[in-house]
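This is what each chain is made of:
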Amino acid sequence: MKLLLSAGRVIDPANKIDDFLDILIEDGKIVKVAKDIKDKTAKVENLKGKVIVPGLIDMHVHLREPGFEYKETIATGARSAVMGGFTSVACMPNTEPVMDNTAVVELVISKGKKENLANVFPIASVSKHAKGEEISDIGMLLNSGAVALSDDAAPLMNAEVMRRAFEYTKQFNVSIITHCEDKNMTIDGVMNESFNSTTLGLRGMASVAESLMVYRNIAIANYMGALVHIAHVSCKESVEIIRWAKKQGMKVTCETAPHYFTLTDEAVKTYDTNTKMNPPLRGAEDVKAIKAGLKDGTIDCIASDHAPHGRIDKELEYNYASFGIVGLETMVPLTLTELVDKKILTLEQAVEKLSVMPAKVLGLKKGTLSVGADADITVLDIEKKYNVDVNKFESKSKNSPFNGKSVKGAAFMTIVGGEIKMKEGKIL
Amino acid sequence: MGFKRKHLIGLEDATPEEIETYLNTAESFKSIFDRKIKKVPALRGRTVINLFFENSTRTRTSFELAAKRLSADVINFSVSTSSVSKGETLIDTAKTIEALESDMIVVRHSCSGVPLLLTKTLKSGIVNAGDGMHEHPTQGLLDLFTIREKKKKIKGLKIVMVGDIAHSRVARSNIYGMTKMGADLTLVAPPTLLPKDIENLGVKVDHDLRKAVKGADVVYMLRIQLERQKRNLFPSIREFSTLYGMDEDKLKLANKDAIVMHPGPMNRGVEISSEVADSEQSVICEQVTNGIAVRMAVLYLLAGGETNEIASLSGQGN
Numbered sequence: 001m002k003l004l005l006s007a008g009r010v011i012d013p014a015n016k017i018d019d020f021l022d023i024l025i026e027d028g029k030i031v032k033v034a035k036d037i038k039d040k041t042a043k044v045e046n047l048k049g050k051v052i053v054p055g056l057i058d059m060h061v062h063l064r065e066p067g068f069e070y071k072e073t074i075a076t077g078a079r080s081a082v083m084g085g086f087t088s089v090a091c092m093p094n095t096e097p098v099m100d101n102t103a104v105v106e107l108v109i110s111k112g113k114k115e116n117l118a119n120v121f122p123i124a125s126v127s128k129h130a131k132g133e134e135i136s137d138i139g140m141l142l143n144s145g146a147v148a149l150s151d152d153a154a155p156l157m158n159a160e161v162m163r164r165a166f167e168y169t170k171q172f173n174v175s176i177i178t179h180c181e182d183k184n185m186t187i188d189g190v191m192n193e194s195f196n197s198t199t200l201g202l203r204g205m206a207s208v209a210e211s212l213m214v215y216r217n218i219a220i221a222n223y224m225g226a227l228v229h230i231a232h233v234s235c236k237e238s239v240e241i242i243r244w245a246k247k248q249g250m251k252v253t254c255e256t257a258p259h260y261f262t263l264t265d266e267a268v269k270t271y272d273t274n275t276k277m278n279p280p281l282r283g284a285e286d287v288k289a290i291k292a293g294l295k296d297g298t299i300d301c302i303a304s305d306h307a308p309h310g311r312i313d314k315e316l317e318y319n320y321a322s323f324g325i326v327g328l329e330t331m332v333p334l335t336l337t338e339l340v341d342k343k344i345l346t347l348e349q350a351v352e353k354l355s356v357m358p359a360k361v362l363g364l365k366k367g368t369l370s371v372g373a374d375a376d377i378t379v380l381d382i383e384k385k386y387n388v389d390v391n392k393f394e395s396k397s398k399n400s401p402f403n404g405k406s407v408k409g410a411a412f413m414t415i416v417g418g419e420i421k422m423k424e425g426k427i428l
Numbered sequence: 001m002g003f004k005r006k007h008l009i010g011l012e013d014a015t016p017e018e019i020e021t022y023l024n025t026a027e028s029f030k031s032i033f034d035r036k037i038k039k040v041p042a043l044r045g046r047t048v049i050n051l052f053f054e055n056s057t058r059t060r061t062s063f064e065l066a067a068k069r070l071s072a073d074v075i076n077f078s079v080s081t082s083s084v085s086k087g088e089t090l091i092d093t094a095k096t097i098e099a100l101e102s103d104m105i106v107v108r109h110s111c112s113g114v115p116l117l118l119t120k121t122l123k124s125g126i127v128n129a130g131d132g133m134h135e136h137p138t139q140g141l142l143d144l145f146t147i148r149e150k151k152k153k154i155k156g157l158k159i160v161m162v163g164d165i166a167h168s169r170v171a172r173s174n175i176y177g178m179t180k181m182g183a184d185l186t187l188v189a190p191p192t193l194l195p196k197d198i199e200n201l202g203v204k205v206d207h208d209l210r211k212a213v214k215g216a217d218v219v220y221m222l223r224i225q226l227e228r229q230k231r232n233l234f235p236s237i238r239e240f241s242t243l244y245g246m247d248e249d250k251l252k253l254a255n256k257d258a259i260v261m262h263p264g265p266m267n268r269g270v271e272i273s274s275e276v277a278d279s280e281q282s283v284i285c286e287q288v289t290n291g292i293a294v295r296m297a298v299l300y301l302l303a304g305g306e307t308n309e310i311a312s313l314s315g316q317g318n
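Chains as they are written, first to last, in the numbering used here: chain A, 1 to 428; chain B, 1 to 318.
Derived from the structure by calculation, the hints contain no laboratory data. Each hint should be verified, as a subset may be incorrect.
Here are the computed lysine to any residue pairs in the SDA-like style, where the Cα-Cα straight-line distance is at most 20 Å [unchecked claim]:
#1 B:123 <-> A:315
#2 A:2 <-> A:68
#3 B:196 <-> A:315
#4 A:269 <-> B:196
#5 B:196 <-> A:186
#6 A:314 <-> B:230
#7 B:95 <-> B:47
#8 A:269 <-> B:119
#9 A:38 <-> A:1
#10 B:180 <-> B:17
#11 B:252 <-> B:270
#12 B:120 <-> A:187
#13 A:247 <-> A:297
#14 A:408 <-> A:396
#15 A:314 <-> B:95
#16 A:314 <-> B:122
#17 B:230 <-> A:187
#18 B:38 <-> B:306
#19 A:288 <-> A:272
#20 A:43 <-> A:67
#21 B:230 <-> A:184
#22 B:196 <-> A:283
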């Protein structure tokens, strides 16, 4: 079965390509990238006016299965992924049971394969039961298919445990993805500590609770010579510390999420619980710093932190509502609208942060349109203007603060392993 | 012209004119208190529900009496947090309440934002009787009323507000109300009990009570929750009361005719000494009485009543 993508603009940062080229796919691999490919046996997709990029990878999602299937399942999460233009997702370990054992890793992988939509890569818990006390069976978890480790379920507060985790993990050459938050400083906090938390009467979470742990984790990882990836950077000080660390030649990568470059804590003023996430929405200076960090390369990746929650988790008092928002189906439009259209990033840079760098951080042989690579390809329609409609989401959950937002740009087609999984808003 | 608002969520967005209207209306209602029949038929046939998710005998009683003096039917509905654990959400509870065909719901909740949330879900008028650390607008109004009654004005008065500003909805409503009415307001507290960027609200901040209280016309003491000490917001009750408690000695530094206020309930010997609480300068009990008049005014105005009709109403009696 051959597939020919013709007449589109191809952007492949790994090969420094930005040109009008055709792509021929056979048996799940890219076999030819050239001008005017002719192949009568191939099914042809005319992509005139569209942009063809290496398959996008969302390296930070919560798929909720096993344990919280009313919020999301691997099936609905994978549908949401391909609908949003993602050929691969990496899912966090805060399931029930926690993904700290090979059985859960294998379950997630096998369910992902069965759905046969987006590739689903599990991220295992760095500590047993995500308790932050004892490190999990890291070697066995990686052998069973986990692509990275994370404390996203519960930040490692004990610096000695963090040290041993980095020290032990460096032999496997994989990253520990850390959620940076000093939990002692954020007890009962529900939003950014700011003038807005003062007038809203909501307990604040100071940005220093994030930035000091960003520094701590970079410092420990570098002392150990281990790989550290900072999850969802949200504040100015974190960006500055990471920029400084990179200048010192320290090894660190990081990501931010679309809400941190799109919204400020002004959005909380309605007490809409879809503005409640962790880290919280910050101030205007922070948004500016995030954009600057994206532009100068301090921030390597954009990841959604897709965190589905049911209505019973969100239609509550602000204090009682769960943290998090869905993001798989808004990440592409928000990146194109807020960063590319506003000239913060070029389209090529955006693709680097949505595909090339996530592949690199997770050690996946993806993120490129090179001949011989897996035919994981996303086709973008960068001109499409529309309003976000949560009711059209494939995700089981609709908890998004972006409902109704006017955006420009969408995923047009998602190809995974050479098969078209989504085309023009329809899952095939 | 009728009053434009249907809900009272806070004083943050109230105009000085609206505040004047509340206070003037309260004044008219207070004039009825000296009569044998303290009741007017203003809200006859209307139903007011006191929906309290947090215990508060004082505020609930005050609203209840206010509604009764307006001849409304009033029901008290206390919801323990246990019904939340049974799976009933706030919205379920509120919809159940509204199904009783209420016209106005007076709501108290430990979470900020609940009254605003209810305005989006329910048809009834919503009165905030205190939400989390957000606002307690009727307390703010009754305090303004008391100051105006005692001092004959608010504009230009030097007011010091002392204590736990950070966690206080009373403080927030009063800050909005007092600054809108032109008072010169200084907040006095240790930095740990001041919320971030509070100066942006047009107030001064001080940490030295003796210095700040000099020449004050109004001394407003806030209740300190003793368990805050466990979170290191102040080192000990002894130190807090030494530095930030109002006693006779410190009160002497204020103007001779300064009044002392407290929203209650007091921690005698902590933020306020018994001598000060019971002194001639204390208007703490009058605040409670004025609370009824102010809450009558709020319920009456939000229900669409007009200030100039009160005189004729009170003539009818019943």
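Pair hint outcome, residue 252 of chain B versus residue 270 of chain B [Cα-Cα no greater than 20 Å]: Given pair residue 252 of chain B, residue 270 of chain B holds - Cα atoms ~18 Å apart, limit 20 Å.
Between the alpha carbons of residue 230 of chain B and residue 187 of chain A, is the straight-line distance 20 Å or under? Holds: residue 230 of chain B and residue 187 of chain A sit about 13 Å apart, inside 20 Å.
Hint check: residue 314 of chain A vs residue 95 of chain B, CA-CA at most 20 Å. Holds or violated? 17 Å, holds
Restraint status (C-alpha distance of residue 314 of chain A to residue 122 of chain B at most 20 Å): 18 Å, holds
Given hint residue 184 of chain A paired with residue 230 of chain B - CA-CA distance at most 20 Å: 14 Å, holds
Given the hint that residue 123 of chain B pairs with residue 315 of chain A, does the C-alpha gap stay at or below 20 Å? Roughly 18 Å separates the two Cα atoms, so the pair holds.
Hinted pair residue 196 of chain B and residue 186 of chain A, Cα distance within 20 Å: 15 Å, holds
Between the alpha carbons of residue 43 of chain A and residue 67 of chain A, is the straight-line distance 20 Å or under? 41 Å, violated
Verify the proposed pairing of residue 180 of chain B with residue 17 of chain B, using a straight-line Cα cut of 20 Å. 10 Å, holds
Given pair status - residue 306 of chain B, residue 38 of chain B, alpha carbons within 20 Å: Given that 20 Å is the threshold and the Cα spacing comes to 19 Å, the pair holds.
CA of residue 288 of chain A to CA of residue 272 of chain A, is that 20 Å or under? 23 Å, violated
Are residue 38 of chain A and residue 1 of chain A close enough, with their CA atoms no more than 20 Å apart? 15 Å, holds
The structure does not agree with the numbered hints 2, 3, 6, 12, 14, 19 and 20 stated previously, though it agrees with the rest.
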